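Going down the list, the protein sequences come from chains U and S.
Just so we're aligned, residue 1 is where the first sequence starts under our numbering, counting upward by one.
Just so we're aligned, residue 1001 is where the second sequence starts under our numbering, counting upward by one.
Derived from the structure by calculation, the hints contain no laboratory data.
Any given hint could be a false lead.
[Claimed, not checked] Calculated pairs, DSBU-like style, for lysine-lysine (alpha carbon to alpha carbon, straight line, at most 30 angstroms):
| hint | chain 1 | residue 1 | chain 2 | residue 2 |
| --- | --- | --- | --- | --- |
| 1 | U | Lys260 | S | Lys1500 |
| 2 | S | Lys1625 | S | Lys1686 |
| 3 | S | Lys1474 | U | Lys115 |
| 4 | U | Lys241 | U | Lys91 |
| 5 | S | Lys1500 | U | Lys200 |
| 6 | S | Lys1500 | U | Lys55 |
| 7 | S | Lys1474 | U | Lys55 |
| 8 | U | Lys252 | U | Lys55 |
| 9 | U | Lys101 | S | Lys1099 |
| 10 | S | Lys1500 | U | Lys63 |
| 11 | U | Lys187 | U | Lys218 |
| 12 | S | Lys1625 | U | Lys200 |
| 13 | U | Lys41 | U | Lys179 |
[What the hints assert, rightly or not] Beta-carbon label-pair distances, calculated as ranges:
| hint | chain 1 | residue 1 | chain 2 | residue 2 | range |
| --- | --- | --- | --- | --- | --- |
| 14 | S | Ser1485 | U | Lys260 | 22 to 30 angstroms |
| 15 | U | Asp37 | S | Glu1519 | 52 to 60 angstroms |
| 16 | U | Gly223 | S | Phe1036 | 37 to 45 angstroms |
| 17 | S | Thr1135 | U | Gln156 | 45 to 53 angstroms |
| 18 | S | Trp1575 | U | Thr247 | 53 to 61 angstroms |
| 19 | S | Trp1513 | U | Asp106 | 23 to 31 angstroms |
| 20 | S | Ala1133 | U | Thr178 | 20 to 28 angstroms |
Because the structure is a prediction, the values reported are computed rather than measured.
Positions of the beta carbon are idealized from the N, C-alpha and C atoms, including for glycine.
Chain residues, written in single-letter form:
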Amino acid sequence: MKTSLIILFFCVTALMSSHAFSETAEEKGLAIAIEADLRDKGFFDYTADMEMILKNKHGKESKRSIRIKTLEVADDGDKSLSIFDTPRDVKGTAFLTFSHKIGDDDQWLYLPALKRVKRINSRNKSGSFMGSEFAYEDIASQEVEKYTYKHLREEQYQGQDCLVGESYPVDQKNSGYTKRITWTDKKEYRVLKMEYYDRKQSLLKTLITEDHQQYLNKYWRPGMMHMVNHQTGKSTTLLWKNYQFHTGLTDKDFNSTSLKRAR
Amino acid sequence: MKRIENWVGQLVIKYRWLFILGLLAIALMSASGMRFLTFSNNSRMYFSKDNPQLQALEALEQTYTRVENVLFIIAPKSGNVFEPQTLAALEFLTEESWKIPFSSRVNSLSNYQHTRALADDLIVEDLIRNANALTNKEIGDIKAVALAEPMLLNSMIAKDGSVTAVNINIIKPEDSSYETKKVSTAAVQLKKTMEDTYPFLDIYLSGGVMIDSAFGEAPVRDMRALIPLMFTLLLGLLVVSLRSVMATSCTLLVIILSASTGLGLAGWLGIALTPASANAPVIILTLAVADSIHILVTMFHQMRQGTNRHNAIRESIRINFQPVLVTSVTTAIGFLTMNFSDAPPFRDLGNIVAMGVLSAFIYSVFFLPALAAVLPLTTKQDNHSQSHLFVRLADFVITWRSPVFWSMLILIILSTTGISKIRLNDEFIKYFDRSYDFRVASDFSAEHLTGLEIIDWALESGEEGGINEPEYLKTVDAFAQWFRSQPEVRHVYTFTDIMKRLNQNMHGDDPAWYRLPEERDLAAQYLLLYEMNLPFGLDLNNRINLDKSATRMTVSIPNIGTAGVLDLERRGRKWLEDNAPSMSTYGSGLSIIFSYISARNIRSMLKGSVIALFLISLIMIIVLKDLKLGTLSLLPNLCPAFMAFGIWGFFVGQVGLAVSVLIAMTLGIVVDDTVHFLTKYQRGRKEHGMNSEEAVRYAFKTVGSAMWITTIALAAGFTILSFSGFQINSHMGSMTALTISLALLLDFFFLPALLLKLDQ
Chain U
1 MKTSLIILFF
11 CVTALMSSHA
21 FSETAEEKGL
31 AIAIEADLRD
41 KGFFDYTADM
51 EMILKNKHGK
61 ESKRSIRIKT
71 LEVADDGDKS
81 LSIFDTPRDV
91 KGTAFLTFSH
101 KIGDDDQWLY
111 LPALKRVKRI
121 NSRNKSGSFM
131 GSEFAYEDIA
141 SQEVEKYTYK
151 HLREEQYQGQ
161 DCLVGESYPV
171 DQKNSGYTKR
181 ITWTDKKEYR
191 VLKMEYYDRK
201 QSLLKTLITE
211 DHQQYLNKYW
221 RPGMMHMVNH
231 QTGKSTTLLW
241 KNYQFHTGLT
251 DKDFNSTSLK
261 RAR
Chain S
1001 MKRIENWVGQ
1011 LVIKYRWLFI
1021 LGLLAIALMS
1031 ASGMRFLTFS
1041 NNSRMYFSKD
1051 NPQLQALEAL
1061 EQTYTRVENV
1071 LFIIAPKSGN
1081 VFEPQTLAAL
1091 EFLTEESWKI
1101 PFSSRVNSLS
1111 NYQHTRALAD
1121 DLIVEDLIRN
1131 ANALTNKEIG
1141 DIKAVALAEP
1151 MLLNSMIAKD
1161 GSVTAVNINI
1171 IKPEDSSYET
1181 KKVSTAAVQL
1191 KKTMEDTYPF
1201 LDIYLSGGVM
1211 IDSAFGEAPV
1221 RDMRALIPLM
1231 FTLLLGLLVV
1241 SLRSVMATSC
1251 TLLVIILSAS
1261 TGLGLAGWLG
1271 IALTPASANA
1281 PVIILTLAVA
1291 DSIHILVTMF
1301 HQMRQGTNRH
1311 NAIRESIRIN
1321 FQPVLVTSVT
1331 TAIGFLTMNF
1341 SDAPPFRDLG
1351 NIVAMGVLSA
1361 FIYSVFFLPA
1371 LAAVLPLTTK
1381 QDNHSQSHLF
1391 VRLADFVITW
1401 RSPVFWSMLI
1411 LIILSTTGIS
1421 KIRLNDEFIK
1431 YFDRSYDFRV
1441 ASDFSAEHLT
1451 GLEIIDWALE
1461 SGEEGGINEP
1471 EYLKTVDAFA
1481 QWFRSQPEVR
1491 HVYTFTDIMK
1501 RLNQNMHGDD
1511 PAWYRLPEER
1521 DLAAQYLLLY
1531 EMNLPFGLDL
1541 NNRINLDKSA
1551 TRMTVSIPNI
1561 GTAGVLDLER
1571 RGRKWLEDNA
1581 PSMSTYGSGL
1591 SIIFSYISAR
1601 NIRSMLKGSV
1611 IALFLISLIM
1621 IIVLKDLKLG
1631 TLSLLPNLCP
1641 AFMAFGIWGF
1651 FVGQVGLAVS
1661 VLIAMTLGIV
1671 VDDTVHFLTK
1681 YQRGRKEHGM
1691 NSEEAVRYAF
1701 KTVGSAMWIT
1711 TIALAAGFTI
1721 LSFSGFQINS
1731 HMGSMTALTI
1741 SLALLLDFFF
1751 LPALLLKLDQ
């Protein structure tokens, strides 16, 4: 990705020279995204356990538990494998994703009852992930190239100095959103809050992340992600546990054979 | 009482300017509350919070999200949906529909998530993409899929492929009229855009939001159309009966003040106008005019006899104060008992009219005479010929008392038997006549696709993930098939169809596998795979609950009426009890709760009607100071409503919500004529020592003409209400007009004959 390296270089220089020349809001927005991406580079791989708690408007709950494995890919999007442990009817079902900086991601689902791997139409990335308020596109690897950006302002959020900016999906036809607004803290470049706007430009959902912890003295991960759908009143909470970095995962752990023995 | 009446007359003359200006100021202050009036546009306003059927519906909505919808119905003029330009238009409309405010889901033929097998993969994608580039063969394939798919057939595509639809689900953040307006405006705008861009299409707009919008439109339309008509009519009546431009203007002023006081006070009290309560002004105008006529007619009568104007006014107040007070109070009581209704709009109507009627009393007794005292009122009125006519009528009744009595009795009994022919019907769609676009659209939709009448079934499996249990799937499927075999059912939406289709897809699209999966985990994993493939806004969250323990089945029926809906629901419930007792539940939906509305309201109003009857009879007894006469008055007061029901039963048959308030409402009105007739009869007997024949003749002579005029005014006023495009109002108008006319008939023939028979 030569061009992106050039852009990256350009923007990093721009950041370092600290406003030596004036940049547009779009340039600044992109620079922030690149900086956030850069700070997470080099984690190689990690695994984690996730509990997903679905809540309807009236507080009724349903839970799912999922194990996640992620592998960093040098010049493309990350690879990730999700293994479903509960509900029991889908135990052993595994979901494999190769995200790409440009173009549609590749996705497969392994169905243990059928003992077969099925490809998923990733054009439909805007749909709900396991009935939750998270769309696939919300939890997929957030590659810089998938959005265009615009910096809005700086403001305090939860006592932290934050950069507030908009991002717009490049693939407008298949995204469920027209725009997202992100609150990124200035110190560590963690996304603390994100608002999602739907096709009619109204606020659809808000994501709030909390309990951030730093791993290997570099990589920040949230312990809790809470997504509220303002239109339906439903919400989903993701609780993350047991983050482990540098576990020695390789490409071999992310192919169709690995899917079948994922349980 | 006598002292008060004299004192009021003196006071009004003495402080006439104070009364004129003071009451005018009070009227304006009350009327200024009209600026707070809002129009409620919500089909659920007819239900109180503790209505059990509404509560059941709301419980269902808590699980699956309360949704309303906007439905575009598209009929290409060519009669064939499967043409590239129509499919392209459909694709465009589907895209644009996402931009309608508060839309949460858009379903159409084009974004139907068609599933198929491709090699070993499951492909889930829009049925129609880039319609303009489709080949004839591809369109043929699309047509074959659409007409074979039970999810689409009769719901999104007509059997003959001539009509299709786009359904938009709306989730309003709050239940306010502002939001309904916003959605319906956007929908109408989009319809216009479509018509301009694709002139070869006929487009209709229906759906729950459009019904709500029509509920909001109805009162505005009624007020705009009926009030001017009412004024014209009253103007004519007043000119004819009063023969004075000045007196007519004064009367119009009084009734306008009364109506705007009633409405203004409603505004101050925060009452929102609904299609029912918006007719309060028409009713107030009708009722208020009688008070003024009584006051002015007596005054002119005195003046013609040579009394000077101030004395004539005093005398008129002395004579009329009591009857006008009594008739106003009884009318107000009748309307106030509408508070027993389960439907809040009727409570509002009752309260607004009661306030208007009582203010009409105040303006007629304090404001009108004061105004008459400062204005040069004269009349050319001559009642002589009319009273002569009523003396002849009296002679007729006296001569033929027995035949008259018995024929009236037979008439009462005969007409009342028609009550058995009355059938309650509350199809909320038919509340609106075909002058409403949405009614035309709904009829069209009911003819070619599904109607707006649906019954929803929340089917519980009893455990988390239980909807994937083969036993559960089989039962739900059997239930769906049972519904499909019922003649009145047009469409059944059940998630078991998705399951069968997925099973087929997973077996290389082999039609032999179009059946339910037989293992629970397999079903669950198919479903997971399918759900992972669905795009934004097309998930199954409106069909399957959170922990996958229950699903929702929707049965659509073209508008078949209350009895049909209730019967189908009862049979469905019976099927569940017989075949799946653990799932047994009630069907729910707007059609269901409207189907119960009349019966429920009749029950709730029964108490109100009894109380009204008791209070009004008590007032009659007190006023007449005669237990026998007071009790006797029950007959001519109560019979007209029953006769009206019966005649309605013979000639119309179907009746809805309006019927529930009829007795309470008309009782307070028809009692007026009885009061007038009986007081005069009694005065003849007691003050003038007449026998019953002479007293009947005296009563006819003195009040016959006034009763005639006021009844015509009232009947005409309520007949105008029957021109309303909103069925509840038009029924209420016709039935009330009928009741009032029958009441006059009974007061002229039955009551005197009865008196003659009993008082010999």
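Against the structure, the hints come out as follows:
1. Distance hint between Lys260/U and Lys1500/S is fulfilled; the C-alpha atoms sit about 25 angstroms from each other, no more than 30 angstroms.
2. Restraint check: the Cα-Cα separation between Lys1625/S and Lys1686/S comes to about 12 angstroms, which is no more than 30 angstroms; the hinted pair holds.
3. Of the supplied pair hints, the one linking Lys1474/S and Lys115/U holds, its CA atoms being roughly 24 angstroms apart against a limit of 30 angstroms.
4. For the given pair, Lys241/U sits about 19 angstroms from Lys91/U by alpha-carbon distance, which is consistent with the 30 angstroms threshold.
5. Among the hinted pairs, Lys1500/S with Lys200/U is inconsistent with the structure: their alpha-carbon atoms are about 35 angstroms apart, more than 30 angstroms.
6. Annotation: proposed proximity of Lys1500/S to Lys55/U holds, straight-line Cα distance about 29 angstroms (limit 30 angstroms).
7. Proximity of Lys1474/S to Lys55/U is assessed by CA-CA distance (about 29 angstroms); at most 30 angstroms being required, the pair is judged to hold.
8. As the CA atoms of Lys252/U and Lys55/U are separated by approximately 36 angstroms, the hinted pair breaks the 30 angstroms bound.
9. Of the supplied pair hints, the one linking Lys101/U and Lys1099/S holds, its CA atoms being roughly 29 angstroms apart against a limit of 30 angstroms.
10. Only pairs whose Cα atoms come within 30 angstroms are accepted, and Lys1500/S paired with Lys63/U is accepted, the gap being roughly 27 angstroms.
11. Between Lys187/U and Lys218/U the CA atoms are separated by roughly 12 angstroms; this keeps the pair inside 30 angstroms, and the hint holds.
12. Straight-line distance between C-alpha atoms of Lys1625/S and Lys200/U comes to about 71 angstroms, which puts the hinted pair past the 30 angstroms bound.
13. Between Lys41/U and Lys179/U the CA atoms are separated by roughly 25 angstroms; this keeps the pair inside 30 angstroms, and the hint holds.
14. Separation of Ser1485/S from Lys260/U is about 44 angstroms and departs from the stated range, judged on CB atoms against 22 to 30 angstroms.
15. Look at Asp37/U against Glu1519/S: about 44 angstroms separates their beta carbons, and that is not inside 52 to 60 angstroms.
16. A beta carbon spacing of about 51 angstroms between Gly223/U and Phe1036/S contradicts the range 37 to 45 angstroms that was offered as a hint.
17. Roughly 59 angstroms separates the CB atoms of Thr1135/S and Gln156/U, a value that falls outside the hinted 45 to 53 angstroms.
18. In this structure, Trp1575/S and Thr247/U meet the distance hint of 53 to 61 angstroms, their C-beta atoms being roughly 56 angstroms apart.
19. Range check, Trp1513/S to Asp106/U: about 27 angstroms between beta-carbon atoms, so the 23 to 31 angstroms window is met.
20. Range check, Ala1133/S to Thr178/U: Cβ separation about 26 angstroms, and the 20 to 28 angstroms hint holds.
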